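Asks: In case you want the letters, here they are:
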Amino acid sequence: MRDDLPAELAPRLAAELGLKPAEYEHVVEILGRTPTVTELYMYSLMWSEHCSYKHSRTALRMFPTEGAAVLQGPGENAGVIGVGDGWAVAFKMESHNHPSAIEPYQGAATGVGGIIRDIFTMGARPVAILDSLRFGTLDQPRQRYLFESAVAGIGAYGNCIGVPTVGGEVYFEEAYEGNCLINAMAIGLMREEDLMRAVAAGPGNLLVLIGSTTGRDGIGGASVLASQEFDEKAEEKRPSVQVGDPFTEKLLIEACLELLSRRLLVALGDLGAAGLTSSAAEMASRGGVGLEIDVTRVPQREEAMKPFEVMVSESQERMLAVVTPEMLGEVQGVCERWGLPATVIGQVTETGRFVVREGDEVVADMPAATLAHDAPVYDPPAERPAYLDELQRFDPLAELDHPEGVEMLTATLFDLLASPNICSRRWIWEQYDHQVMLNTVVLPGSDAAVLRIGLPGRCEVTERAIAASSDCNGRYCYLDPYTGAQIAVAEAARNVACAGGRPAAITDCLNFGSPEKPEVFWTFVESIRGMADACRAWGVPVISGNVSFYNESFGQPIYPTPTVGLVGILESVAHHTTLGFKEAGDVVVLLGETEAELGGSEYLKVVHETVAGLPPRVDLDAEAALREVLLAAIGEGIVRSAHDCSEGGLSVALAECCIAGSIGADVHLDLGAGDGAAPPVVTLFSETQGRVVVTVAEYAVERLFELAFVAGVPFAVIGTVGGDALRIGGLVEAGVAEMRDVFESALAGLVHPEETFASEELRQR
Amino acid sequence: MTGKDAMARFEVYVTYKRGIFDPPGATAERALKNLGYQGVNSVRIGKYIQIDADTDLATVTEMCDRLLANPVIEEYRIVEGEA
Amino acid sequence: MTGKDAMARFEVYVTYKRGIFDPPGATAERALKNLGYQGVNSVRIGKYIQIDADTDLATVTEMCDRLLANPVIEEYRIVEGEA
Amino acid sequence: MRLGVVVFPGSNCEQDVVHAAGVLGIDAGYVWHGDTDLSGYDAVVLPGGFSYGDYLRCGAVARFSPIMSEIVRFAERGGPVMGICNGFQILTEAHLLEGALLRNEGLKFVCRPVHLRVDGSCDWLDLPLGTVVRMPVNHNEGNYHCDAETLARLDAEGRVVLRYCEPDGSRAQGGSAPNGALDDIAGICNARGNVFGLMPHPERAVDPLVGTTTGGGAFFTAIVERLARVGG
Ligand SMILES: Nc1ncnc2c1ncn2[C@@H]1O[C@H](COP(=O)(O)OP(=O)(O)O)[C@@H](O)[C@H]1O
Ligand SMILES: [Mg+2]
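Listed in order, the protein sequences are those of chains A, B, C and D.
Those letters in the first sequence? Residues 26 to 790, per this note's numbering, in order.
Those letters in the second sequence? Residues 597 to 679, per this note's numbering, in order.
Those letters in the third sequence? Residues 597 to 679, per this note's numbering, in order.
Those letters in the fourth sequence? Residues 2 to 233, per this note's numbering, in order.
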């Protein structure tokens, strides 16, 4: 056994690698001796926040994770649910915030690569990507650069591997200026019987590394970056940036799915954060076996790599397979056909120990399970932030002057339609191939994407479909994390229901500041509690997710941003529904009721430059009832269009329906009379939850009313589709063409102001 | 050194830093070997930028830092000549 | 001239032929001007390929003709040196 | 009649082409890039995607695939060949079609439906001149270029089959041509007329459930009809 670390230096290296003194002591205790350099690297990465979830594990237990449809809950590379007829869907969301803040193009690209590998590791063919993005405001050149580059990077990767990017979300807020968020979600499709788990088994079986060579790139990349606060020092961490190779990823997808479907593998795992160490340790600990790896057998693309470098390198596009000796030839044959190296680097043992050799010399030898499972668990103190009281006390109606009259209100609506948080995202999704695989039934631009279920090219399409949406309004979460997190789930569920899907399960990506700050940690716990309560009430389990802490710059945390990715099921693809108004004469109905809830609204931000107040309330039962009415009506085939009210409120929702349908509407909203009259800004811009704008043909109005009445869902006929303008009686007069111009051109206008152009595209070769 | 008023040609060579993986280079390398060029040991692909400008080396260096190269993953070399 | 057995470095510069519109170059030119570099007259962006190989100039020329450059739109120049 | 859809490493629209063919009732199968045999196929489609990652130049590496020599021979014998998007790029790199496809003028990848006007015909595709069809484009390098002489020849011989245009068929204005292509060229054929390349994706405009548009079917059925005429 190599003894390469003097006992007096070991604690110093441990500290440099981010191990706390007690954690180091624990390592020594496990080993019964001074660790080697390789061991220290391996432990420090496996016990980093990113890999071990040491600050979040306890809180995450609040999530409901079970349900009749759940085939695989949290703990694997991705969660899996059955969606009927023997089909299953795997999905997961993950952050790549810190790498992207340093190098947005490659950071975002490799983020997509990583989450895609999590999906096909499970045996599922990746069929969709969604991206959830947060940046500072676009008046800053740096923010434009980050935004443009991240979008280009996501596009470059997803487009190349031939997986459509079908949806996502983006917000621009000062709070993300020093720390952008790049969350990517991937969805995969498989037959239930093809579900694969990354569990190593069978002493004597071989460990085969498939894909790219191993270099020093990304040493300690994701895990180190994602486990520390982000400050000026970030610049020095630059060499850990990785360059994505989507071409190799595409070959990996094809080769691995072929290997799995031909049942040639015992197990398969992807190499993500902490590289080979994490992948191998997790597979071993799940299987209760040991492993032996010889680093000299790992194909290296750089000279003189040290064993620890090989073990923790985060070089992209690599997979680790467990293969029986008899199958090795066939496995290598498949890989060779796809142009991929497949190299035996070690084997499974029965010792339960993770042994690393450099040729004949042992450089690390530790109990495999301790890497994956013995990380300390912390329950940090949580404390309600002091700033909340004052923020929440703010009463927008009482404390501000509000626009009145058709002219001012119409102008305000236009301002909102041009707001970067509301305007059309076409500029983004037109850079993404959102149609490849020919399954995208509802394209980006509606409430949720709808994908029919069928593997491409086989004409094996089914009646069924899935709908997916990712949502989180960080501003609401800042003002009240419990409610904000509930809204994230509620909005995702509502979006999916508007498309015709019944919410089935969620994944999440919890983006927060430092968990070591009690006020941040409180927002974390509250957010989880909010999501968990909503999920439990609605029977929507959490099947996978990811935590990203230390999203801060110069001590300032981002808004709490618990992003939700929700997948729903359509029994029949024929029921897919979009938001655009369809036909003149259709009747516009509002399901749900408007309250005076301007706190945290886009209206407050755009018009009054204020982020304060209480966010809208969530009524869990009312939300569920609303979705049931909607799904029943859609199932009966009477719904022509459906669109939920979110940022910007009812007026923006109506405008979006007009723009998408290229047709106007005449709407009358009852403001009440006398003292009880609602101020027009409430009617138009309040962001009350639980509301959906639905159109039906005239004959169906009564039926929709019945459905709503029985379920106790507020129902109001508010207008008729037709004409070339949106007229909201006494409040708004807006031509559809003018609204479209503003709505569609706003984002491009913000990204390409004439005075600068610093685009990552120049850098693509 | 070119004076402030004459047009000069600056040639900028931008390459990935050491240790950064270069997928296009790796692919070209494999392709060349497949075409029978067994003597090829390594291929790296970078950018070659020609700037004709009435400016000086310091300014071109600044242009590289700000726009033409990505200091996070790339390094560059500038050669000044006649336009 | 490097012998058949020594490793040499060939630097290949691939540029668009005259008259072919170069979108990245044009954009960089505009961007530099927008950043205030008024002295910039023209920017062209091509490829810079480093080949370390045990081969000769004639062979590298062949590689360029066959794979590394597209004669319809591009021209190239090769400089041979030490690896 | 059987359609061969070539799979290069990095192709990603081959399954979509097979799906579209299936919807149209056309028999189609995959042809592996490493194979050297096209027997059993009456027409060949080079599908879209990112062969070899589009590294170096789109189509530059794929054109050396073993199957390409056979495709050249197949084309020389007059067999119908269609290259879609990356397939078009490969055909130009292989010199089966003139010109080249450069980076989009806007430097952005573009995925959206466009209008196209039929301005010419090829051996097997004979839509009425002036017909306007709508199909999605999906590319980063669709900016067609050729020298003046070639352009004049393509024009004179009616070999510019498709041009980007406005919905009413008039010349594309500002934002309507997605990539800055020379003379708005979206698709051309070779002198003999049997090899046709286009940037838009007809396979995405066949199945009404997932196509925002229809009108792509004609590009596949035309091959079948032509083969039926000549008894292929
Ligand atoms: N970053 C993105 N990438 C792809 N599509 C996006 C992105 N951001 C928004 N979209 C799409 O734009 C549409 C509107 O998004 P959003 O305003 O977030 O909708 P909603 O308010 O219904 O959640 C949706 O179809 C969404 O999928
Ligand atoms: Mg919505």
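Since the hints were derived computationally from the structure, they do not count as laboratory data.
Predicted model, so just to flag it, every value in this text is computed and none were measured.
No residue lacks a Cβ here, since even glycine has one placed at the ideal position from N, Cα and C.
Fair warning: there could be bad hints in the mix.
Partial list, derived from the structure: chain D residues whose beta carbon lies under 10 Å from chain A [as the list claims (entries may be wrong)]:
1. Phe65
2. Leu108
3. Gly194
If we take Cβ atoms under 8 Å as the criterion, some of the chain D residues that face chain C in the derived model are [as the list claims (entries may be wrong)]:
4. Leu25
5. Asp28
6. Gly30
7. Asn144
8. Ser177
To be clear about the criterion: a stretch of chain A counts as covered by chain B if any three or more of its residues have a C-beta under 8 Å from a C-beta of chain B, and this derived list gives those stretches [to be verified]:
9. 647-658
10. 669-682
Asks: Now look at each hint and say whether the structure bears it out.
Replies: Here's how the hints hold up against the structure:
no., hint, result
1, Phe65, "violated, 13 Å"
2, Leu108, "holds, 4 Å"
3, Gly194, "violated, 29 Å"
4, Leu25, "violated, 34 Å"
5, Asp28, "violated, 35 Å"
6, Gly30, "violated, 30 Å"
7, Asn144, "holds, 7 Å"
8, Ser177, "violated, 18 Å"
9, 647-658, "violated (count 0)"
10, 669-682, "violated (count 0)"
Hint violations for this structure: numbers 1, 3, 4, 5, 6, 8, 9, 10, all remaining hints satisfied.
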